[in-house]
Structures are given as structure tokens and as C-alpha cells.
Amino acid sequence: MHIRTLAVALVATGLFSANAQAQTEIQWWHSMTGALGDKLNEIANGFNASQKDYKVVPVYRGSYPESMTAAIAAFRAGSAPHILQVFEVGTATMMAAKGAVKPVYQMMKEAGEPFDPKNYLPAVSGYYSDSNGNLLSLPFNSSTPVFYVNKDAYRKAGLDADQPPKTWKQFAAAAGKLKASGQGCVYSTGWPAWVHVENFSAWHNLPIGTRENGIAGVDTEFKVNSPAHVKHVEMLADFAKKGWFTYSGRRNEAEARFFSGECTMLTSSSGAQANIRRNAKFDFSVNFLPYHDEIKSAPQNSIIGGATLWVMSGKKPAEYKGVTKFFSYLSSTGVQADWSKSTGYVPITNAAFEAIRKEGFYDKVPGADIAVRQLNYKPPTPNSRGLRFGNYVQGREVIEEEMEAVFSGSKDAKAAMDDAVRRGNEILRRFEAANKS
Amino acid sequence: MEKRVVFRSAWLPYALLAPQIAVTLVFFFWPAAQAAWFSFQLQDAFGLRTEFVGLSNFAALFRDANYLHSFKVTALFSALVAVSGIAIALLLAVMADRVVRGALAYKTLLIWPYAVAPAVAGVLWAFLFAPSVGIVTHALRQAGYDWNWVLRGEQAMLLVVIASAWKQVSYNFLFFLAGLQSIPRSLIEAAAIDGAGPARRFWTVVFPLLSPTTFFLLVVNVVYAFFDTFGVIDATTQGGPAGSTQILVYKVYYDGVKAADLGGSSAQSVVLMLIVIALTVVQFRFVERKVQY
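Taken in order, these protein sequences are the chains called A and B.
Read in the working numbering, the first sequence has 166 at position 166, and its numbers run on one by one without any break.
Read in the working numbering, the second sequence has 196 at position 196, and its numbers run on one by one without any break.
Wrong hints could be hidden among the right ones.
What the hints assert, rightly or not - Label-pair ranges, simulated between beta-carbon atoms:
1. GLY314/A x THR50/B: 56 to 66 Å
2. VAL133/B x SER285/A: 19 to 29 Å
3. THR108/B x GLY37/A: 33 to 43 Å
4. GLY112/A x HIS69/B: 52 to 62 Å
5. GLY34/A x VAL120/B: 16 to 26 Å
6. PHE27/B x LYS281/A: 37 to 47 Å
7. LEU274/B x ALA173/A: 55 to 65 Å
8. ASP38/A x TYR106/B: 42 to 52 Å
9. VAL116/B x LYS281/A: 30 to 40 Å
10. VAL133/B x ASP38/A: 32 to 42 Å
11. VAL120/B x LYS281/A: 30 to 40 Å
12. VAL133/B x GLY217/A: 44 to 54 Å
13. SER342/A x LEU48/B: 55 to 65 Å
Unchecked claim - Part of the chain A face toward chain B, derived, beta carbon under 8 Å:
14. GLY34
15. ALA35
16. ASP38
17. GLU42
18. ALA44
19. GLY99
20. PRO103
21. ASN435
Rather than coming from a laboratory, the hints here were simulated on the basis of the structure.
Yeah, the Cβ is synthetic: ideal placement off N, Cα and C, and Gly gets one too.
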């Protein structure tokens with residue numbers, strides 16, 4: 001009996017795999033969990049149902065660094081996936097791995113698929129293009145930091161809830177009043193280095209590093225110890241001392257403190273909106289990041305975070321054909337608009353943004369368009385296109401460590417930012433040495 | 001009369017040892033040798049370009065003030081985990097040894113935490129002490145104490161020490177209890193008849209007789225603190241704030257696995273290997289002399 005069941009099962013498996021062989025399978029490793037993961041599977045299923053030749057198989061491989069590490073190990077063992085979702089700080093590592101990745105523009109050209117990088121938002125495509133403007137990976141989920149305000153708490157403190165601070169000076173005035181109204185936590189931030197160093201620089205049109213923030217070459221050096229940067233970190237430390245700024249950690253811990261009502265102001269990813277909207281039991285608004293009005297070049301435009309899809313090298317032409325078809329499906333206006341509306345990530349093509357605007361989504365959900373408007377505030381400059389630093393997983397950690405030392409009062413801002421640059425440059429030099437061609 | 005079994009065959013003993021040696025070679029010596037070899041190389045993440053760079057990975061490490069700082073952090077962390085884990089376990093074991101009714105229940109409950117995985121223990125404690133939602137945090141705030149380990153290094157250290165030692169207390173407890181139960185009652189009774197109070201009996205009779213156990217636990221706990229605690233740290237502080245809980249093994253993991261810097265990570269693991277060899281030698285040469293078997 002058992003043997004018969006087994007035999008039937010074996011035959012069935014054989015039939016099934018013979019059947020599956022007619023379809024070309026495309027492995028897609030990703031790091032999306034919860035509702036985002038469900039949505040991602042929905043996209044893959046949608047593509048699989050739309051045609052018969054290819055089957056995209058999404059596989060969750062852990063957090064961004066974990067899945068990247070897994071893919072690197074798989075590449076070394078000769079079994080890399082076709083598509084890998086890589087977070088923005090891994091961009092330089094992927095780009096430098098010339099034999100390991102297949103640039104998207106090249107794959108599209110070889111497959112004869114119509115593809116125009118100008119369809120993508122410049123602030124998004126610029127981040128992932130080489131210095132000639134060729135798109136190397138396909139933008140997928142992109143967000144940018146925005147400024148959230150608890151309007152109920154503003155009213156309680158006697159502030160005009162419809163006039164949220166535009167500059168850090170106005171921010172300070174509001175913070176003082178909020179504190180006086182008995183608020184325990186006035187302001188907190190998620191992703192401190194991304195918000196207060198990387199985006200602070202872009203928003204004020206200041207360089208994060210030389211060589212166009214590393215986009216023009218690996219011989220780049222950090223510039224985050226400029227007087228403007230030091231002054232900004234100093235200001236945050238001063239806010240911390242006055243009880244206006246509560247540090248919550250290096251990731252998105254601050255978001256929960258905002259939507260629980262504990263903190264009244266928050267700077268964090270625009271991707272947090274869905275969660276905040278679901279959980280906040282108060283009236284809130286989404287706004288542009290505050291800026292320093294004494295810096296004449298501000299505001300410029302903010303830069304993105306999130307991830308893109310990289311295509312790995314060494315696959316069969318038929319498989320690349322499938323990846324090409326899938327990428328076209330993924331970038332189509334309907335899919336993009338739906339992905340953006342349900343996740344809170346910014347629409348990555350101009351057409352998708354227009355489609356969402358036309359159907360009136362941004363009027364219904366005020367604040368949902370702030371991220372795109374901030375990314376598009378002005379045409380990106382070499383300081384605000386994005387950044388590309390080697391081993392930036394470590395580099396960003398160095399910056400965060402030094403900022404923590406300032407906020408806890410154990411280092412002054414100037415010394416900390418100088419140390420961040422010195423330590424960060426060591427990492428950049430190691431990357432340059434390991435990747436010189 | 002000493003009984004001895006002697007193998008007459010020339011190859012049989014080697015054949016019997018072979019599986020063990022094979023396992024050791026494949027799972028211990030091979031990776032260790034590979035780490036040593038990688039530590040002299042500079043490699044990009046995908047292994048496409050490899051260059052022999054001699055000692056430059058090590059030079060880069062020792063130029064980094066933060067790496068040197070993490071030695072201090074590791075020493076402090078290991079000492080705190082080992083000493084507090086052993087001291088608390090000893091206290092509990094002595095108490096549990098005296099309990100007459102319900103002894104089994106006490107003992108079972110005290111052994112339980114050992115079954116919890118380090119990462120889970122880390123998450124549990126992180127929840128209790130979470131800066132905004134933790135129960136303990138709330139209580140401390142009510143008491144007027146500013147608890148925010150995401151920014152305050154000494155609090156972060158305290159948290160990871162508690163989470164790491166908590167698990168180890170159960171393990172130590174088990175050994176101490178067994179040790180206590182093997183001490184002949186007659187010795188303690190004799191001391192009591194000679195007029196020694198409970199404290200004196202403990203320090204002059206019980207503690208010296210426990211010294212082999214204590215020594216063994218010291219070695220095990222230090223090794224635990226050095227190597228097995230990165231799950232706790234990864235689940236709670238991730239080395240922060242400002243590197244104040246960045247222990248050596250966590251940095252090896254972070255640089256190698258998360259940041260894909262193989263050369264630097266391998267160089268660190270070689271340094272770590274040397275430290276553990278030195279530590280083991282010191283423990284067996286000097287500390288063991290004070291142990292009375």
C-alpha cells in the first residue's frame with residue numbers, strides 16, 4: 001500500500017516536473033515581509049497568469065543584508081538566483097561586481113525590449129544609473145524620509161496645527177511649546193544617518209562625499225564633517241539636552257513611538273505611512289523635511305532609500321528573456337500604481353504617478369504625494385542624485401555610532417563628525433583597493 | 001591492580017579514531033585554516049578579485065581605535081557575564097540544596113531558562129526593557145529613572161549582561177547543585193560540631209570542595225561569553241550605542257556576514273582564535289593550580 005502510494009507520488013512528481021520544464025523558471029530572492037510580501041507574491045502571480053512561457057518564483061531570503069549575503073554565497077557556489085532585491089546601500093557593492101551582475105539596460109538591449117530610463121523618476125533612476133545615465137538595476141521599492149506631525153498635540157500646545165514648521169528655526173519654536181505643554185517626547189527620528197546626514201545633505205544641496213557622492217568613482221571621500229553638517233548634529237544634540245529630541249535607535253523604532261502618541265513629531269520613511277494611518281488615534285499630517293533657511297541652497301530635493309532588482313550574470317538567454325518580460329510587466333503603469341497605493345512606496349515611473357494623481361488618490365489621502373513632490377522638488381544636482389559608497393553597510397554604521405556618541409553627550413559634534421569621516425574613509429580605501437579594475 | 005586494554009592491531013585504534021578526527025578536521029581545522037588564509041587577502045564581496053595583501057588587514061584593524069575599544073568591551077562583558085552568572089547560580093544552588101519540601105519543583109524551575117535559545121532570550125529581555133514600551137522601562141520611569149539603553153552605553157551593557165547571564169545561571173546551577181550534593185555530610189557536620197557557623201562552613205569547607213566545579217564553569221562561561229552571546233547582542237543592541245556593546249565576536253559576524261568584508265572579518269577571527277588559545281593556557285596553567293581536586 002505504502003509502496004503503491006509512493007510510486008504514484010513519484011510518477012506524479014515526474015509528470016509535474018516534465019510539465020514545469022516547458023516553462024522557464026525565474027528565481028526572485030527578496031526581503032519583503034508581511035503585507036509587503038503578500039503584495040509582492042500577488043505581482044508574481046499576476047505575471048505568471050498573464051503568459052505561459054515563464055514562471056517567476058519569489059523566495060523570501062531574510063532581511064536585506066541576509067538575502068544579499070545568501071546571494072553572494074550562492075553566486076560563489078554557482079547557483080545564484082536570476083533576480084535579487086538589493087537595498088540601496090548595497091548598490092556600490094553590486095555595481096563593482098562586474099562579472100556577477102548583468103546591467104538592466106544591457107539585458108533589455110540584448111533582448112530587444114523597448115526600455116527608456118527617462119520614464120522613471122529622475123531622483124529614483126539617478127541613484128541606480130552609472131555616470132553615463134545607464135540604468136543598472138530596476139527600481140522597485142523606493143521611499144524617502146518625510147516629516148510627520150501630530151496635529152492634536154499641536155492644538156493642545158496652542159500651536160497652529162495647519163502651519164507645521166518649515167524650517168528648523170520654526171521647529172525649535174514649536175518644540176519648546178510642545179515641551180511646555182507637558183509632552184514627554186517631543187520629537188524622534190527613524191534611520192538617523194539616512195535622515196540627518198544623507199538626506200540632510202541632499203535637501204541642502206551639500207555633498208556627502210567627493211566624486212558626486214561616489215557615483216563618479218570609487219576614489220571618493222566623505223564630506224560629512226563640513227560646518228553645516230556639524231552645526232546640524234550639534235543642533236540635534238542641543239535639542240536632546242533640552243528634552244526636545246529623544247533618540248530611539250538606528251532603525252524604525254521611532255515610528256511606533258509616534259503612532260502610539262508618545263512622540264509628537266517624527267522624521268522617518270514615507271513607507272511608514274500605511275502603518276501610521278492604521279494605528280494612529282489622532283489627526284496627523286505629512287510634510288516636507290524641515291530645512292535650515294540660512295543655507296541658501298535649501299531646499300533642493302531629497303534622496304531615496306529602499307531597494308532595486310539586480311539581475312545576476314551567467315544565466316541562459318531564454319531566462320534573460322523571461323526576466324525582461326517580467327521587468328516590463330513590473331514597470332507597467334497599472335502594476336506600479338497599485339504597488340505604490342497599497343504599500344506607500346513612491347511610484348517609480350512618471351506615468352504611474354500621473355495615473356494615481358488623476359484618479360484622485362492624493363486628494364483622498366492627503367500627504368501621500370509628499371514623498372514624490374519632495375523627491376522632485378528641484379532637478380537633482382550631483383549632490384542630490386544619490387550616493388554610492390563602497391561597503392556602505394559599515395560606513396553608515398560608523399556615522400550612526402558617531403552620532404550616538406554626540407547625542408549621549410560623550411563627544412562633541414565636530415570631533416564626532418571628523419572621526420566619522422576618518423573612519424569612513426578607511427573603509428572606502430579598503431573597498432577601492434579590493435575593487436580596482 | 002590496574003587494568004589495561006591494549007589493542008594488538010596496528011591499524012584498529014586509528015580506524016576507531018578516524019571518524020572523530022575526520023569530523024574535527026572538516027568542521028574545525030579546515031574552516032580555521034581557511035579563515036587564516038582569508039585574513040591575508042583582500043577580496044571583493046563576490047570573490048571575483050582576490051589579492052594577497054600580507055598583514056594589511058591586521059594593520060587596518062589595529063589602526064582602528066574602535067576595534068581596540070571592543071577589546072575592553074569584550075573583557076568587561078565576559079567578566080560580568082561569567083562572574084555574575086557563577087555567583088548567582090552558586091547562591092541559588094546553596095539555597096536549593098537546603099530546601100526540603102518541593103525541592104524538585106524549585107530545581108526544575110531554575111533549570112528551565114537553559115532551554116531558551118540565546119536570540120529568544122535577547123528578544124525577551126529587549127521587550128521587557130524596550131525604551132518606549134517595556135514594562136520594566138515603565139516602572140523605572142515611574143520611579144524617576146531615565147532608562148534609554150539605545151543611547152546610554154552603560155545601560156545597554158547591563159541589558160546584554162543580564163540577558164546573557166540569565167541563561168547561563170541555569171546551566172551553572174545544575175553543576176553547582178550536583179557538586180554540593182557530592183560533598184559528604186559528615187564533613188559539614190564535623191565543622192558544625194567544631195563550632196563553625198553557616199558562613200564559615202561555606203567558605204572553609206564547601207567552597208574549596210566546589211573549586212573543581214567552579215573552575216570548570218569559569219572556563220565554560222568565559223567561552224560562552226566570548227562566542228555564544230552574539231545572538232543576544234544581535235537581537236538587542238546590535239553592538240550599539242556607539243559601539244558600547246560591540247564585543248569581538250559580534251564584530252566578526254557583522255563585518256563578515258552583514259557587511260561582506262571577508263578579509264577584515266577573517267583577520268578578526270584569527271585574532272579571536274589567538275585570544276582564546278592564550279586564555280585557555282592561562283586558565284589551565286595558573287588558575288587550575290588553585291583548584292583542589
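Hints, verified against the model:
no., hint, result
1, GLY314/A x THR50/B: 56 to 66 Å, "violated (19 Å)"
2, VAL133/B x SER285/A: 19 to 29 Å, "holds (25 Å)"
3, THR108/B x GLY37/A: 33 to 43 Å, "holds (40 Å)"
4, GLY112/A x HIS69/B: 52 to 62 Å, "holds (56 Å)"
5, GLY34/A x VAL120/B: 16 to 26 Å, "holds (20 Å)"
6, PHE27/B x LYS281/A: 37 to 47 Å, "violated (54 Å)"
7, LEU274/B x ALA173/A: 55 to 65 Å, "holds (57 Å)"
8, ASP38/A x TYR106/B: 42 to 52 Å, "holds (47 Å)"
9, VAL116/B x LYS281/A: 30 to 40 Å, "holds (35 Å)"
10, VAL133/B x ASP38/A: 32 to 42 Å, "violated (26 Å)"
11, VAL120/B x LYS281/A: 30 to 40 Å, "holds (32 Å)"
12, VAL133/B x GLY217/A: 44 to 54 Å, "holds (45 Å)"
13, SER342/A x LEU48/B: 55 to 65 Å, "violated (38 Å)"
14, GLY34, "violated (18 Å)"
15, ALA35, "violated (22 Å)"
16, ASP38, "violated (24 Å)"
17, GLU42, "violated (30 Å)"
18, ALA44, "violated (26 Å)"
19, GLY99, "holds (5 Å)"
20, PRO103, "violated (15 Å)"
21, ASN435, "holds (5 Å)"
Against the hints set out earlier in the document, violations occur for numbers 1, 6, 10, 13, 14, 15, 16, 17, 18 and 20.
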